[in-house]
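Engineer: What follows is each chain in one-letter form.
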Amino acid sequence: MQTTQHSGLYKPHTNPTLTQYITATIGKYTFAIETSNVVDVLSPQVIVHIPLVPPKIAGTLNIRGRIVTAINVSHALDIKSNISIDKQMGVVIEMKDYLYNLLVDNTSEVITLAPSDISETPDNIDQSWKELLKGVHKRDTDLLLILNHDMILAV
Amino acid sequence: MDELLNTFITEANEGISVLDSDIVLLEKNPEDSKLLGNIFRVMHTLKGTCGFLGLPRLESIAHASESVLGLIREGEMSINENVISLILKSIDIIKDIVAYVEENSTEPEGEDSVLIGQLEDLVNGISTSSNNEEEIELVEEMKEGVEVKTKKVKKSTKTSKESKEKSTKKSQSSKNTENKEKAKSNNEKQLSPSITNGENTDYAPTTSGPTKTNQTIRVNVEVLEDLMQMVSELVLTRNQLLQMIRSIENTPFHAPFQRLNHITSELQETVMKARMQPVYTAWVAFPRITRDLSVELNKKIDLKMSGEDTELDKQLLECIKDPLTHMVRNAIDHGIESPEERVKNGKPKTGTIHLNAYHQGGHIIIEISDDGKGISGDFIAKKALEKELVTPTELAQMNDSQIINLIFLPGFSTAEKVTNISGRGVGMDVVKTNIEKISGTIELFSTYGKGSKFLIKIPLTLAIMPVLTVSVDTHVFAIPQVNVVEMIKINPHKKEQTYQVEYIHGHPVVRLREQLLPLIYLSEILNINNHDSEDKKVLHVVICEVGGYVFGIIVDKIHDTEEIVVKPVSPIMKDVTAYSGITILGDGSVIMILDIGVLLKHIHNIARQSTQDYSLTYDTIENSVKIPLLLFTSISGASCAVPLELVSRLEELDLSKIEYASGEPVLQYRDRLIRICTLSDDEELPTEGQHNFLVFTNRDKVLGIGVKHINDIVKHEVNIRKINDNNGFLGSIVINNKVHDIIDVNSYFIQTFELFEEELRRHDLVIENKNVMFIDDSPLFREFIPPVIENDGYNVEIMNNALEALDYLAKDNNYQNISAIVTDINMPEMDGYEFINICQNREEYKNIPIVVLSSQAETKNKANKIIQPDLLAGYVLKTNHNELLEILHDNIV
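For the record, the sequence lines run as chains A and B.
Numbering-wise (my numbering), the first sequence opens with residue 1 and increments by one.
Numbering-wise (my numbering), the second sequence opens with residue 1001 and increments by one.
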């Protein structure tokens, strides 16, 4: 299921124990972002850089009259992205009345996972990374990293 | 009609209508304590408001009824028909009087002693049932009365409808209505004569015209706020459209857009108006507060108000209410003196507090002024130091206005003793924070002995804020208009330019109408790479003001003024303090709003200056002191100045004779060695030829500072503008329209003779921890001489004048810790002679050695004539540091 320029909230799954995730890639990694807070998925936008802000903040943009803060996720995770910020797509999430645009290389599909599908983040991963992940979902071809967006947005 | 009275009538009508039904209910359910509480509260409020508004008749009835209700509430009186009737009766009279007040703005003539008497009798436990007949009669009347009232209410609604309809038609018909009404009221009067027991009923219970309740509806503020928010967004969208449509020619959208534009503006105005209330609503409690407090404090205070009908956004009013109350209380408590004190100081017995509100340039200005004792800058400074809110260095760099405004610092409370009225130490900083929360500013002006004035500047509305948009490189920022004073353009290509950027130790400044303003490059503060060479570029400077400080922000471009809706910055950016908010401009771009206060803090380390005029008490004295200054050009070409008195000689020395002693350059001159130095390390002396030197002596050490030219000697006022603590310079001064750096001679001695100072300290350990008091009214010498004394190992207590010195000596037995006093002679208020006399005549001070310091040699004889010479430890010229130190040494060790 391709979701580009899709707007509005994803409907929560009818089964409350299941959680929906939107998958996105940055560099060689694939991440999963919970859809419950996602309000929009954006094509590449013009992002205005703000002086003095920490580097994980890419800048701001105006989405239909609302101010959105763009987050450079690849910087926050310290991974190399394949494309420059101005060509990155965005997953917009809403937290406490503020909108954040998580910049990713690409978004692909919405998947549904049960808590049992998610394993704990292995211990040998850097602590800084571990904090940003909620766990790992093992897929046949690759590993899906469940992103803890609360932590990414933490100051 | 009076706005306040209007509100009262609306509220009273609401309250009374509830009372009527509630009391009847109460009669049926006497046990319902909640209901009773309700009734009591309404009556109580009514009483309170009436008392406040000066409606004695209403107040006395309400009071009597309240007493009865109070007893019932406390269970000391049971509810019976008699009681209820009496209360209902009083409600009816209240209702009638309120109606009369509504029409005539005053209470009707008459008095209600009988009713009140009956109510009081109830309270006093005298059973009115002894008069059975009367009671029954009353009850009957009451019942009748209630009936009549119900009818009346119905009637009145009807009438008001009628009259409304009719008033739109012809005046004649409305006359008819009036007549009809009169007839009705006459009718009522006949029906209820015994209610007032035949007392003066010389007023007609008014039913004419629509009641106030019909004209206003109460809307939840939230609804208004939502409405305002939406209108703000609409305005922004309109602005956006406006920009788009402007760029298209001959579009059919033009006409409808014009209309949309117009309607939006009107809508915005109307919605704003709906939220507007006269500023008086925030002041309403002040007459009462003033009265009560002045009685409590035995002061006589007249509260004057002007501009009370100036309208202000309701939300803003709420925000300023508490700060204003606090300031009024402060003015009463600390500002106005007691009548005796006032008379003693030649002021009228009655103090005046003046509240004033007016519009000024899109803002509302509220002034609170009093003619009380004012605030002493010295006192504030002392207090701030005591509480360690500022460092002495910071303090030394402040002017009086800045010092007085220190009272806004957190933790500052000047109240000597904490009273229950004000002075819990949370005061003024909370006031300031609250006002700044609504983008307002507060400033304090005070003249010691004359009074104080607070000036509060607040925006008309919070929702929409006018800003100036500027840009650096590709970044656009908004500067709140409230901070912007003016804008100037600096064009280095133009020959005859008005302004130019000058540098003092690498820090840019600009001269603007005789004021020296610090400048900051916005690009520098925000870390934006600015590729263009700054020397050649046309610079735009936005002159901003925050709390009395004025400075300039250098930007690449100044765009436009725009009205914006401020949105909060996302919490993820909360560590970046440079921005106070974020907004979307008309063209859809997102820009940051600069927090000018924070930018100022960046400057604080560089400079502390302001355009505040030096008109307050202390500085006027300063202005009269002119000191001869030697003006010269440094080797690097900078204009510098040094007080002439400090210079021993001007010499032209042969550079080829420079020798080196332990690697340091020295010159032999008249059998002495002169150490040679330059003003800064990057200056270099030529290797040969004659060169100009300023020669200074300190004890046995002689220092020559190489300079390019000696220019002039001028007598000039010494308002130094302190720049920073850079070694070598005290600050700068504007002479003949040119900025001159004042060199700090002492620091060169320390630099050059570093070893010497170290040695000296080692030798004179014995004098460490000895305190020397230094008194001089001239800030320049307060800068120069204490370091000289300190370098010898003493601690120096610096006093600005003799009175301060006496205060200090007397306080906490400080005199015991003072080993010597060094004082100036020519000082305002109390001169050195008088000070010495006082000291000599006081047993406890008499043993402290006093050294007189003066700039005039001839006064030495005079001093000897006035003061017995043997009483003095010494008499020294200000320039002769050597002798001063020797005398101190001899007298202390």
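Because the hints were derived from the structure by calculation, they are not lab data.
In this text the structure is predicted, and so the values were computed from the model without any measurement.
It is possible that part of the hints are untrue.
[Said to hold, decoys possible] With a Cα cut of at most 30 Å, we get these calculated DSS-like pairs of lysine-lysine:
no.	chain 1	residue 1	chain 2	residue 2
1	A	87	B	1601
2	B	1601	A	56
3	B	1567	A	87
4	A	96	B	1567
5	A	80	B	1601
6	A	96	B	1574
7	A	130	B	1574
[Stated by the list, open to error] Computed list of chain A residues with no C-beta within reach of chain B, every gap over 12 Å:
no.	residue
8	44
9	47
10	49
11	60
12	61
13	62
14	69
15	78
16	79
17	87
18	96
19	105
20	109
21	142
Note that the Cβ used here is the ideal one computed from N, Cα and C, for glycine as well.
Engineer: Next step is simple, just say for each hint if it's right about the structure.
Structural biologist: Now for the hints, and whether the structure bears them out:
Taken as a hint, the residue 87(A) and residue 1601(B) pair is broken in the structure, with Cα atoms around 38 Å apart against an allowance of 30 Å. Restraint check: the Cα-Cα separation between residue 1601(B) and residue 56(A) comes to about 26 Å, which is no more than 30 Å; the hinted pair holds. Of the supplied pair hints, the one linking residue 1567(B) and residue 87(A) holds, its CA atoms being roughly 27 Å apart against a limit of 30 Å. At most 30 Å may separate the alpha-carbon atoms for a hinted pair to count; residue 96(A) and residue 1567(B) meet this at roughly 14 Å.
Of the supplied pair hints, the one linking residue 80(A) and residue 1601(B) is violated, its CA atoms being roughly 38 Å apart against a limit of 30 Å. Between residue 96(A) and residue 1574(B) the CA atoms are separated by roughly 14 Å; this keeps the pair inside 30 Å, and the hint holds. With a CA separation close to 24 Å, the supplied pair residue 130(A) and residue 1574(B) stays within the 30 Å bound. Interface exclusion of residue 44(A) from chain B stands, the closest Cβ pair being 16 Å apart, more than 12 Å.
For residue 47(A), the shortest C-beta to C-beta distance to chain B comes to about 9 Å, within the 12 Å cut-off, and the non-interface label is violated. Interface exclusion of residue 49(A) from chain B breaks down, the closest Cβ pair being 8 Å apart, not more than 12 Å. Interface exclusion of residue 60(A) from chain B breaks down, the closest Cβ pair being 4 Å apart, not more than 12 Å. At the 12 Å boundary, the C-beta of residue 61(A) falls inside the reach of chain B, the nearest C-beta of that chain being 6 Å off.
Chain B draws residue 62(A) into its interface by the beta-carbon criterion, the shortest separation being 5 Å against a cut-off of 12 Å. Look at residue 69(A): its CB is around 5 Å from the nearest CB on chain B, not clear of 12 Å, so calling it non-interface is violated. The non-interface label for residue 78(A) is consistent with chain B: the shortest C-beta to C-beta separation is roughly 18 Å, beyond 12 Å. Listed as outside the interface, residue 79(A) is consistent with that label: its C-beta sits roughly 20 Å from the nearest C-beta of chain B, beyond the 12 Å cut-off.
Listed as a non-interface residue, residue 87(A) keeps its Cβ farther than 12 Å from every Cβ of chain B; the least gap is roughly 19 Å. At roughly 7 Å, the least C-beta separation between residue 96(A) and chain B is not larger than 12 Å, which violates its mark as non-interface. With a least beta-carbon separation of about 22 Å from chain B, residue 105(A) lies farther than 12 Å from that chain, consistent with its non-interface assignment. No Cβ of chain B approaches the Cβ of residue 109(A) within 12 Å, the least distance being about 28 Å, so the stated non-interface status holds.
Once the 12 Å rule is applied to beta carbons, residue 142(A) is consistent with being away from chain B; the minimum gap is 30 Å.
The structure shown violates the earlier hints numbered 1, 5, 9, 10, 11, 12, 13, 14, 18.
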